[in-house]
Amino acid sequence: GQNIDQPTEMTATEGAIVQINCTYQTSGFNGLFWYQQHAGEAPTFLSYNVLDGLEEKGRFSSFLSRSKGYSYLLLKELQMKDSASYLCAVRAANTGGFKTIFGAGTRLFVKA
Amino acid sequence: EAQVTQNPRYLITVTGKKLTVTCSQNMNHEYMSWYRQDPGLGLRQIYYSMNVEVTDKGDVPEGYKVSRKEKRNFPLILESPSPNQTSLYFCASSLSPSTGVGTDTQYFGPGTRLTVL
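So the sequence lines, in the order shown, correspond to chains A and B.
Read left to right, the first sequence gives residues 222 to 333 (the working numbering).
Read left to right, the second sequence gives residues 106 to 222 (the working numbering).
Check the hints yourself; a few may be wrong.
[To be verified] Covered by chain B, per the in silico footprint, the following chain A stretches (three or more residues, Cβ under 8 Å):
id	region
1	286-294
2	318-332
[Unchecked claim] Here are some chain B residues pointing at chain A (derived, C-beta under 8 Å):
id	residue
3	M132
4	S138
5	G145
6	Q150
7	M155
8	V157
9	G163
10	G168
11	Y169
12	P180
13	T210
Calculated from the structure, these hints are not laboratory results.
Please read all numbers here as calculations on a predicted model, not as lab measurements.
Heads up, the beta-carbon is just placed ideally off N, CA and C, and yes, glycines get one too.
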């Protein structure tokens, strides 16, 4: 079957670095996404990995290892506004198209 | 402004009364999806569409229908809503995954909060 696991909650301190892990099991892997979602709002795109390695985008970086079925999102210089849920999602080739499977999300609390 | 719009944003209805949630995008995207989001379960894909007249089931299609007659619109139809369809619904669009173009960001609409009594 297809499955994505990520921690339910994490807490970190303003200015620090936090790493949110995601493991997945899927067939027909076609890319891994990270989204940020503030309470009551729509998810917004953060990063996309389809090849192994690290993608860096400002304070956010995302890593992928396809052989291990593993990704992480790294947030540096944490700010209070980074308090949100972080969603890991995998796109998988399906008969006739591509499905997207989301993890349940990781709620990050940033404290002063 | 590039955006995905959904209507209505909030809806309270009763069991069995057919309803449609509209979704429209102005980015000429081929790929469109509907998701529902429930506490502790995350986003689950209901249906997706690779292009006009091409739709397929996601992980939780039971009780829902969709159509894709035009590229910009992807309505979600609940023929006979039931209380277990009470949820927050999101429409999303992106360039086609099959083109392998760029990062293929999915853009999400603002969400529709549906309550079925």
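Inset, instruction - Quick one: which hint numbers does this structure break? Sort them smallest to largest. - result: 1, 3, 8, 10, 11 and 12
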